[in-house]
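Asker: Protein sequences appear in the order of chains A and B. With this note's numbering as the guide, the letters of the first sequence map in order to residues 11 to 379. With this note's numbering as the guide, the letters of the second sequence map in order to residues 11 to 379.
There may be inaccurate statements among the hints.
Since copy identity is lost for identical chains, a pair holds within one copy or between any two.
Derived DSS-like pairs: lysine-lysine, alpha-carbon spacing no greater than 27 Å straight-line [unchecked claim]:
hint	residue 1	residue 2
1	Lys354	Lys178
2	Lys354	Lys190
3	Lys211	Lys190
4	Lys211	Lys240
Calculated from the structure, these hints are not laboratory results.
There are 2 protein chains.
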Amino acid sequence: MGLTRREFSRLGALGAMAGFVPDLRASAQGSERKVGYCVIGLGRIADHFMRGVKQGSTSQITGLVSGHRDKAERIAAQYGVPTSSIYSYEDMDRMRENKSIDAVYVALPNSMHAEYTIRSAKAGKHVLCEKPMCVSVSEAREMIAACKEANVKLMIAYRLHYEPTTLKAIKMIQDGLLGKIQAIDSANGFNIAPGEWRSTKKLGGGGPLMDVGIYSLNATRYLTGEEPEKFTAVASTIDRDGRFDTTEENTAWTMRFPSGVLASCNTTYGAAMPGYYKVFGSKGWLEVDSFGYQNLRLRANYTPEGKNSSATTLDETNPEPDPKQFERQADHFTQCILQNKTPKTPGEEGLRDMQHIQSIYRAAGISFD
Amino acid sequence: MGLTRREFSRLGALGAMAGFVPDLRASAQGSERKVGYCVIGLGRIADHFMRGVKQGSTSQITGLVSGHRDKAERIAAQYGVPTSSIYSYEDMDRMRENKSIDAVYVALPNSMHAEYTIRSAKAGKHVLCEKPMCVSVSEAREMIAACKEANVKLMIAYRLHYEPTTLKAIKMIQDGLLGKIQAIDSANGFNIAPGEWRSTKKLGGGGPLMDVGIYSLNATRYLTGEEPEKFTAVASTIDRDGRFDTTEENTAWTMRFPSGVLASCNTTYGAAMPGYYKVFGSKGWLEVDSFGYQNLRLRANYTPEGKNSSATTLDETNPEPDPKQFERQADHFTQCILQNKTPKTPGEEGLRDMQHIQSIYRAAGISFD
Chain A
11 MGLTRREFSR
21 LGALGAMAGF
31 VPDLRASAQG
41 SERKVGYCVI
51 GLGRIADHFM
61 RGVKQGSTSQ
71 ITGLVSGHRD
81 KAERIAAQYG
91 VPTSSIYSYE
101 DMDRMRENKS
111 IDAVYVALPN
121 SMHAEYTIRS
131 AKAGKHVLCE
141 KPMCVSVSEA
151 REMIAACKEA
161 NVKLMIAYRL
171 HYEPTTLKAI
181 KMIQDGLLGK
191 IQAIDSANGF
201 NIAPGEWRST
211 KKLGGGGPLM
221 DVGIYSLNAT
231 RYLTGEEPEK
241 FTAVASTIDR
251 DGRFDTTEEN
261 TAWTMRFPSG
271 VLASCNTTYG
281 AAMPGYYKVF
291 GSKGWLEVDS
301 FGYQNLRLRA
311 NYTPEGKNSS
321 ATTLDETNPE
331 PDPKQFERQA
341 DHFTQCILQN
351 KTPKTPGEEG
361 LRDMQHIQSI
371 YRAAGISFD
Chain B
11 MGLTRREFSR
21 LGALGAMAGF
31 VPDLRASAQG
41 SERKVGYCVI
51 GLGRIADHFM
61 RGVKQGSTSQ
71 ITGLVSGHRD
81 KAERIAAQYG
91 VPTSSIYSYE
101 DMDRMRENKS
111 IDAVYVALPN
121 SMHAEYTIRS
131 AKAGKHVLCE
141 KPMCVSVSEA
151 REMIAACKEA
161 NVKLMIAYRL
171 HYEPTTLKAI
181 KMIQDGLLGK
191 IQAIDSANGF
201 NIAPGEWRST
211 KKLGGGGPLM
221 DVGIYSLNAT
231 RYLTGEEPEK
241 FTAVASTIDR
251 DGRFDTTEEN
261 TAWTMRFPSG
271 VLASCNTTYG
281 AAMPGYYKVF
291 GSKGWLEVDS
301 FGYQNLRLRA
311 NYTPEGKNSS
321 ATTLDETNPE
331 PDPKQFERQA
341 DHFTQCILQN
351 KTPKTPGEEG
361 LRDMQHIQSI
371 YRAAGISFD
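Just chain A, same shape as in the assembly:
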């Protein structure tokens, strides 16, 4: 059906390698045309995503959902999206009929993720949803169930799971270069401007833990390969200037993992807090600076062969400029759609973070559903 033999073989080989049988129907769909994404919510991160898709070769922007028709038309022209594929929030369910749209990218405020994921699933579209997945554990379960029911894939946009520096850090740990891991430190935050939806309970679903602290939480999980089992936390609000009327400004927390690894984390919407993590092992340490869209820097110092061997040091920065992370992420979901694979960061990955966020909030004495 338009797949060249070579393309077909490649897809088959990839599928077999990963232990999956390629879905011929899906593969056929994705053959001559690229996998089409409809972007729901045209804010800052959507811009990164669309540019990432555009610079890649496997996906394309084929629909837009926005409350601002003018803005949507401008962007549609930029990405070659027909005006007939521009939807409002009210009529987006009509995209069911739009064959050029295979998947949606949900880039709305957190509290809207569940509704638009579920509506998209019901419209028969695969869903790539930004993190945090939603604003409660029950919503996360509903999203997973809805996608399962509709037989569409659900991936949470944990872009760093597809980023080479991050993957290298994980591999170094898995390969035992740092010895036995004992502890992880991580923080991520920024000084939020007044009026941002992120610092409202209604749209953000919580404070900085939801949008930026989640990077530290998720990092401790991909670095250890374990799920935290004990949580302690404290929260505070220092600035009484209207930004934090419905959420906390700061949260510090600790987590204990089954192996005994301890993590100590911090997040804020009130201070310049460049993202980082440090991993401490019996043979050495590594540190990655920034959870940002580019320039992730990995430094490490470890002594491979006991005390008498000399230390290995590492200091390297991923040179790929933004929006490469978004390109990689879209490519992954596209391959999952084409090959009928489960994404590396499925809904269940987002659900786990929501469960842990709930545990952290409860430890801090803050209610969270």
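Given chain A, put chain B in place with the hints provided.
Answerer: Then chain B, alone, in the frame of chain A:
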């Protein structure tokens, strides 16, 4: 009385500046000869201290207490200490009669600090005691009471309170360069060798929190100028290799300060964990790498005048080599003795850390007196 008029005036001026009336008797004592220290315990840190004293101009080593006479005699020869000023742990109380000894430096394992501080005070000597001050809150109180009773000064050897990079970091915060502080991250630890007294409850008094975690705890206090009021903690032991039969291997903890500042900390005896702290404020951040004896590096990035001004960046390392920190510390206590001033890090500073360590241990579910 041997003080030149110029020296006297200088001391008087310093005393007046600090709001203290110089103690003429003490000043007179310290005039022609340097203030004399008897070092109790001749381990690694004592070596740094003695070299620090030697390179300074205000103090000298005038006595030694050791269980190893040979070692003590070798060191005595090195520092010009008469063999008559070498004591054993049993007969050290005789130093009361030794006029060349003004003060002692207690550099023993933690659990011995209280006994030897109190015995030294009873022998009429001022006491400079290593941190942690002791191994329980009640011991700390007894040490303070004993020194008060004996009318001798007690200083805890928090050497970083006298270290220029640390003082600069504190001043930058106090001057408001980082804006309103929201959060602090800190960690400190190392992978301890088998057989070290530090990882035994009997001599260390606890796990890594006692000897290395205390740096992070103390840093959060000198950086904020506040006392933490809420604590959460988790502890774990991963390595079952005999090193941690009586104490925990790892502790992660959070603290909330009255202003709302949150601290997130980690300590270990099982991993390479270079000491550091990061301070996050509304206008920027600073970071100091290492709690070590030299090469403290201060980096900072802050935007002084709101969003439209450009960021100021800082990256500087204190060039003073070891044992300069020990020289500065000894000089401070010597000046306190000469001028009858209260040390900047008196017994009460150590007591506060013991109280907070107790709070952290209790939060982790570990009993601590």
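Asker: Check each numbered hint against the structure and report the violated ones by number, ascending.
Answerer: none
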